[in-house]
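Here the protein sequences line up with chains A and B, keeping their order.
Quick note on numbering that gives the first Met the number 0: the first sequence kicks off at 0 and runs consecutively.
Quick note on numbering that gives the first Met the number 0: the second sequence kicks off at 0 and runs consecutively.
It is worth saying that the hints were derived from the structure and are not from the lab.
Idealized CB from N, CA, C, for every residue including glycine.
It cannot be assumed that every hint is accurate.
According to the in silico footprint, chain B covers these stretches of chain A (three or more CB under 8 angstroms from chain B) [claimed, not checked]:
#	segment
1	68 to 77
2	97 to 106
Facing chain B, according to a computed beta carbon distance under 8 angstroms, are these residues of chain A, among others [to be verified]:
#	residue
3	PHE54
4	THR58
5	PHE83
6	ALA87
7	HIS91
8	PHE152
9	ARG153
10	ALA228
11	PHE231
12	GLY250
13	LEU253
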Amino acid sequence: MGTGYLRLRNVVKSYDGRVNAVDDIGIDIAKGEFITFLGPSGSGKTTTLMMIAGFEEPTSGTIELDGKDLTRQKPYERNIGVVFQNYALFPHMTVAKNVAFPLKMRGAPRGDIARRVDEALDLVGLRAFAGRYPRELSGGQQQRVALARGLVFRPDVLLLDEPLGALDKNLREQMQVELKRIHREVGITMVYVTHDQTEAMTMSDRVAVFNQGKLEQVAPPLEAYHRPATRFVGEFIGDSNFLAGRLDPAGTLLVDGVGEIGGVGPRPGLGGGGPVHVLIRPERLRVPAQEAPTSFAKVVKMVVGGTVNYGDSLLLIGKMGEVPLRVRVSGGQSSAIQEGAVISVGWALEDMHLIAKA
Amino acid sequence: MAGVVAAPAGQAGLAAAPARGLPADSTPWLLLAPATLALVILFLLPIGYVLLLSVTDPAVSIAHYRRIFSVPLYTRVLFNTFTTALTVTGVCLLLGYPVAYVMARRSDWVSTALLICVAVCFWTGFIVRTYAWLVILGNKGPVVAVYQAFGFGAPPRLLFTTFSSILGMVHILLPYMVLALYSVMKKIDPNLLRASASLGARPAASFRAVYLPLTLPGVVNGSILVFTICLGFFITPILLGTPKDMMISQLINQQIEELLAWGFASAVAVVLLVATSIVLAVYNRFAGLDRLWG
Ligand SMILES: Nc1ncnc2c1ncn2[C@@H]1O[C@H](COP(=O)(O)OP(=O)(O)O)[C@@H](O)[C@H]1O
Ligand SMILES: [Mg+2]
């Protein structure tokens with residue numbers, strides 16, 4: 000995934016000349032890729048998207064599409080579709096007129112416009128609503144009209160800024176599936192912005208994790224989940240336990256509050272005995288029924304302070320000595336564990352992910 | 000089920016208790032009474048009296064109305080009032096639209112500064128502003144001074160012309176137009192223009208196809224406001240205008256002050272009232288504009 004259809008090079012944006020809202024972003028997006036910009040509110044996702052669309056000009060850096068420099072082009076000179084969180088449908092036009100708008104602006108012939116509007120509305124399942132005004136549609140329907148309008152002129156890239164943010168949970172999940180289907184059918188490059196990590200995980204080919212205007216990691220969702228590049232990524236995506244430790248050159252890991260774990264092996268960039276973060280996902284921690292199997296690298300005692308029952312799983316929140324620990328066990332084995340119980344918790348070598356401490 | 004049925008009966012019993020002879024639902028009417036009374040005494044009675052005067056003073060007839068619509072002097076006043084109001088409305092719209100646009104689209108100090116200017120204009124008494132024009136356009140005023148400083152010779156007559164009268168009225172009514180437009184423009188989602196640009200519309204096309212249609216409710220509101228106020232304008236045309244541009248209100252005043260022709264003046268007032276009502280009735284039909292695109 001490095002072919003670079005849409006390329007951002009050292010893009011910096013400062014609104015006030017002092018703070019960089021977007022700080023030296025570089026990213027290569029492949030043709031046809033579904034990439035998600037994920038990050039907390041205020042981390043610069045929208046600003047980056049607005050620069051790709053051409054609504055904001057980068058303070059420095061360049062944006063290229065298919066080898067051509069877009070950086071100074073006006074939005075209407077680019078061929079990039081945008082779907083806004085609040086839909087931004089033209090309230091004085093019917094659904095059909097809204098979808099026809101980009102074709103009209105490009106001077107497409109009448110017959111062509113009618114046919115392509117119908118196709119686009121079919122794609123989102125709203126052909127029957129062509130004559131309605133936006134205010135006569137539900138939020139989900141309006142979002143689909145916005146999608147049809149953003150796709151009908153066959154843009155090179157479709158940008159979506161938290162498009163499902165205003166919808167309730169059920170509708171959101173339905174629209175996620177729908178969006179993926181449309182992405183498959185149309186095969187267009189999509190850049191999707193969200194602060195919802197579940198959404199990012201389920202929909203994307205790759206996620207780009209933003210934090211304070213900087214890119215922390217660009218990777219497929221599972222890689223970002225299992226092998227986060229930074230502590231921030233590990234904490235932002237999914238539930239996590241971070242332990243402090245030190246890896247000596249011989250490959251022995253010394254974890255605060257746990258002790259030595261041998262055989263971790265030299266790891267590139269981590270061997271110097273310097274401090275490391277040890278990430279263990281709560282669901283990778285296991286609570287052995289009787290004797291711990293020998294495959295475990297470590298078994299510790301944990302005092303259960305509280306439990307949260309999700310039905311399909313049970314989250315145990317407690318302490319291993321002074322170190323807080325979260326353990327997720329499947330729903331079936333949950334009934335026996337009570338608050339205040341002391342349980343054994345174990346994990347294998349491959350359940351640990353090490354990150355150099357910055 | 001029984002409990003559900005019983006509840007309204009119990010409530011009715013409670014409501015009936017303190018009624019003391021009045022029907023149980025008379026409270027809202029009692030509350031409305033002072034306002035209704037004020038409206039009748041201050042508004043309906045005088046208008047009724049004017050209506051009555053117009054057909055009874057000095058004798059019972061509709062001769063006054065015939066005169067208004069048949070004597071050329073008076074039809075010219077009617078015609079002039081409408082064309083003046085139309086001109087003022089048009090000029091206010093042309094001048095006000097760009098100002099309101101900048102106010103609504105910018106979010107920095109420019110917008111604040113303009114808003115303060117408009118508000119100060121709005122709250123300065125219109126007589127003060129009218130007299131200001133007397134000074135500015137007068138023989139010893141700055142316009143004439145500048146004109147002569149450049150050595151253009153004798154300045155053209157500025158004061159007491161149709162031009163100065165319209166200028167004064169535009170100045171006084173412009174804030175109404177700007178605020179009416181601004182309130183509508185401020186509510187337009189800026190993302191609509193971004194969306195339109197991303198869909199391939201150049202700025203001029205965006206304005207024509209998206210922005211202008213969405214500001215039409217403000218255009219209608221502002222124009223109606225300015226037009227109806229202008230129909231009844233009095234002080235400014237008297238102070239700044241010429242007698243040949245007489246407006247309806249001046250005619251009414253003249254008939255009463257100089258001729259004591261109460262009946263005829265009343266008839267003219269009724270015509271003004273009816274004309275204004277027609278404008279408002281037409282507006283009422285278009286008032287849906289607001290809700291249509293809200
Ligand atoms: N138009 C703007 N003017 C000034 N500052 C802005 C503007 N838009 C965004 N910012 C600032 O830039 C930073 C990044 O914002 P944004 O890109 O909207 O983040 P996100 O979309 O990730 O929530 C924030 O600190 C925000 O306050
Ligand atoms: Mg945002």
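So, going through the hints one by one against the coordinates:
1. 68 to 77: Since three or more residues must qualify, the claim that chain B covers the segment 68 to 77 of chain A holds, with 4 doing so at under 8 angstroms.
2. 97 to 106: Held - the segment 97 to 106 of chain A has 4 residues with a Cβ nearer than 8 angstroms to chain B, which meets the minimum of three.
3. PHE54: holds (5 angstroms)
4. THR58: Result: violated, 18 angstroms to nearest chain B Cβ.
5. PHE83: At about 5 angstroms, which falls below the 8 angstroms cut-off, the nearest Cβ of chain B leaves the hint on PHE83(A) intact, so it holds.
6. ALA87: holds (4 angstroms)
7. HIS91: HIS91(A) check passes; min Cβ-Cβ to chain B is 5 angstroms, inside 8 angstroms.
8. PHE152: The hint holds - PHE152(A) has a Cβ within 8 angstroms of chain B, the shortest such distance being about 7 angstroms.
9. ARG153: violated (12 angstroms)
10. ALA228: Not OK, violated: ALA228(A) not within 8 angstroms of chain B, min 32 angstroms.
11. PHE231: Cβ of PHE231(A) sits 30 angstroms from chain B, so the hint is violated.
12. GLY250: Violated, because the Cβ-Cβ distance from GLY250(A) to chain B comes to roughly 53 angstroms (cut-off 8 angstroms).
13. LEU253: Nearest chain B Cβ about 54 angstroms off; hint violated.
In this structure, the hints that do not hold are numbers 4, 9, 10, 11, 12 and 13, in rising order.
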